[in-house]
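Each chain is listed here by its residues.
2 protein chains.
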Amino acid sequence: MKYDRVYNFSAGPSMLPLSVLEKAAAEMMNYRGSGMSITEMSHRSKAYDAVICDAVDRVKRVLAVPAGYSVLFLQGGASAQFAMVPMNLMTGSGSADYVVTGQFSGKAYKEAKKYGTANLAATSEPANFTYIPAQEELKLSPGADYVHICFNNTIYGSKWNYVPDTGSVPLVADMSSCIMSEPVDVSRFGVIYAGAQKNLAPAGVTLVIVRDDLMGRAMPNIPAVFDYATQAKNNSMYNTPPCFGIYMIGLVLEYLENEGGLEEMRVRNEAKAKLLYDAIDASRLFSNPVRHDCRSVMNVTFVTGSDELDAKFCREAAEAGLVSVKGHRSVGGMRASIYNAMPREGVEALVAFMEKFEKENA
Amino acid sequence: MKYDRVYNFSAGPSMLPLSVLEKAAAEMMNYRGSGMSITEMSHRSKAYDAVICDAVDRVKRVLAVPAGYSVLFLQGGASAQFAMVPMNLMTGSGSADYVVTGQFSGKAYKEAKKYGTANLAATSEPANFTYIPAQEELKLSPGADYVHICFNNTIYGSKWNYVPDTGSVPLVADMSSCIMSEPVDVSRFGVIYAGAQKNLAPAGVTLVIVRDDLMGRAMPNIPAVFDYATQAKNNSMYNTPPCFGIYMIGLVLEYLENEGGLEEMRVRNEAKAKLLYDAIDASRLFSNPVRHDCRSVMNVTFVTGSDELDAKFCREAAEAGLVSVKGHRSVGGMRASIYNAMPREGVEALVAFMEKFEKENA
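Listed in order, the protein sequences are those of chains R and L.
Sequence positions in the first sequence follow our numbering and run 49 to 410.
Sequence positions in the second sequence follow our numbering and run 49 to 410.
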């Protein structure tokens, strides 16, 4: 390849479209005739205002965000949202329902307890997070200020295959590792948030989509930068925003639109995931513990059953140009994150490598 | 010039060294043989660990940070620090002293009131922030948890020309717009923080230097990402950090070290500022309202006295390739921000333009 690039299966930060990187590099010394880099440009300038407005418009267009929602670009990643969500929304009854289906939803649940009553509506922890609870299993409280879920579990490789019905209670979803991977009915959600570093942009910017009627009810005395209403009123520029990251979101979404949008991404992503899951299911060496109907399309986990073989696999895969396939440090094994920017060829190369490895280590 | 770049006098985001931008562009598709962009690299990888450790080491080396301090790279800018500082430090007597010398120190003061008793130790607001109060004017409370100052006032163009003596009370300084512009005795401070977008890197990363004994005393139930101790324990990687920004800090500091470090920066910056202030003081059209001994070396403000002429100046300067000289929207007039990356030639060009403008509009 031109730049001698590897296939990077990192869970995040993760691969970006090469054409986006080339564009960012080409514009780095002079952004479109402005005489300066996007990294040097005042966020109060007309040129930058066009950049952020374009990124907002693209999010709305690509995700088909209905009227009545605001698109924000914030800082602090999903971890900051774990605090911002209760600070902004846990102000009616002072309680919220949390469904814990992995490490990050667990962290969100724990963080929420600082600010009010967080109810555990359901958890798949006893089954080692290998499935997503069904609607009937959710113990939802009618008076909750919101219900929080993590739509795709990066570490365990599972995903919600349905949008839970929460009645009139707003549904809040961490979509960090599945945003823009397939169409989603935004109208079913009160808040959607996503750290950018998986499917959107480099790390350092968080996409937050908030239904407008949920703003303006924040707790008093929260940090000014944590108030959704303040950020919305200022088009995410209450203070200096992460300008480069927002610009990169614009470039990535421009790429997505040119490639056919989210329906096309869904088709490609499901095909890539099927390749990999089929290979795992056909293997006698590798296995995936997630219940089939809850398997993530973005993060495919697998193990050999031997820590030694797992380590050997990761090492030899890296030597073959298939890097960052090591599972999260908390669970071990392997994980192939195959976000939008991972080409089908990368998954094919991984599958071929797995077959070779299995033959050599049978 | 090769890239047809302008002289960008923006207060932040602002100019970066061209060689840094060229390096970032050259490494964008493949960071030093890793086969991936720095923007795609897992923050848990060995390669990235080397990047963040290098940036920490460079901060320590360039600023001569003594032992017993931690260097953190956080998100949210100075505005997030306005909340983080009290959340982490206002836990002894529950009170702190604030010196208000401009808009940002005023915001910090206001934010601190949310979390405890913020005392106004002094303010130059009645004089429209045209000076910095002297040591004798500071009404310091012996029992305060800390004293907060803004070391350089970006909007008003003033700077502290001394480090206040706060006895055993830790001194906390917002150095967003003067960090790395000259040597500073870090041992005089408990906390130094700086949004990167003036003298360090693109927007989206905040440098925070904390004396270690000031950590571990945070308020309970603050956002996990806001706890200095948590961030220090995890080398700023409690959650995904703003990886690209941290990398850029490393590149900028590498440039600084190659150029001769902070003593050389001080000499160059003072010479640039002198050029500009001399021109203003010699002019019959332009004037600068700041008391001479408090004039900022980084942000040089000036006015004609006529809003119309000011607007004309900004417009014609931009046409001449001298952009973003408009003063902050809250004060009007002109402001030339001349951080490290602004070459002397840029200031000379601005001075020449001012002289020409004065002749044409006398």
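Some clues are possibly wrong.
As the list makes no split between identical chains, a pair holds if one copy fits it or if it spans any two.
[What the hints assert, rightly or not] Pairs of lysine-lysine, BS3-like flavour, derived with a Cα cap of 27 Å:
id, residue 1, residue 2
1, K404, K360
2, K187, K162
3, K360, K322
4, K94, K322
5, K50, K71
6, K71, K158
7, K161, K404
8, K94, K407
9, K50, K155
10, K281, K407
11, K161, K187
12, K108, K162
13, K360, K94
14, K158, K360
15, K360, K155
16, K322, K407
17, K158, K94
18, K94, K155
19, K71, K187
20, K94, K50
21, K187, K50
22, K187, K158
23, K281, K158
24, K281, K108
Since the hints were made in silico from the structure, they are not lab data.
Each hint, compared with the structure:
1. K404 <-> K360: within (13 Å within a copy, 71 Å between copies)
2. K187 <-> K162: Only inside one copy: K187 and K162 sit 21 Å apart there, 36 Å across copies, limit 27 Å.
3. K360 <-> K322: Cα proximity of K360 and K322: one copy only (24 Å, versus 63 Å across).
4. K94 <-> K322: neither (45 Å within a copy, 31 Å between copies)
5. K50 <-> K71: Intra 15 Å, inter 18 Å, cutoff 27 Å: intra and inter.
6. K71 <-> K158: neither (41 Å within a copy, 42 Å between copies)
7. K161 <-> K404: neither (48 Å within a copy, 64 Å between copies)
8. K94 <-> K407: Neither way: K94 and K407 sit 60 Å apart in one copy and 30 Å across, limit 27 Å.
9. K50 <-> K155: Intra 41 Å, inter 50 Å, cutoff 27 Å: neither.
10. K281 <-> K407: Neither way: K281 and K407 sit 59 Å apart in one copy and 43 Å across, limit 27 Å.
11. K161 <-> K187: within (17 Å within a copy, 40 Å between copies)
12. K108 <-> K162: neither (33 Å within a copy, 35 Å between copies)
13. K360 <-> K94: between (53 Å within a copy, 18 Å between copies)
14. K158 <-> K360: Close neither inside one copy (36 Å) nor across copies (56 Å); limit 27 Å.
15. K360 <-> K155: neither (31 Å within a copy, 54 Å between copies)
16. K322 <-> K407: within (21 Å within a copy, 73 Å between copies)
17. K158 <-> K94: neither (42 Å within a copy, 30 Å between copies)
18. K94 <-> K155: between (39 Å within a copy, 25 Å between copies)
19. K71 <-> K187: neither (48 Å within a copy, 54 Å between copies)
20. K94 <-> K50: Cα proximity of K94 and K50: across copies only (24 Å, versus 36 Å in one copy).
21. K187 <-> K50: neither (54 Å within a copy, 64 Å between copies)
22. K187 <-> K158: within (18 Å within a copy, 42 Å between copies)
23. K281 <-> K158: Only across copies: K281 and K158 sit 19 Å apart there, 29 Å inside one copy, limit 27 Å.
24. K281 <-> K108: within (17 Å within a copy, 39 Å between copies)
Of the numbered hints given earlier, the model fails hints 4, 6, 7, 8, 9, 10, 12, 14, 15, 17, 19 and 21; all others are met.
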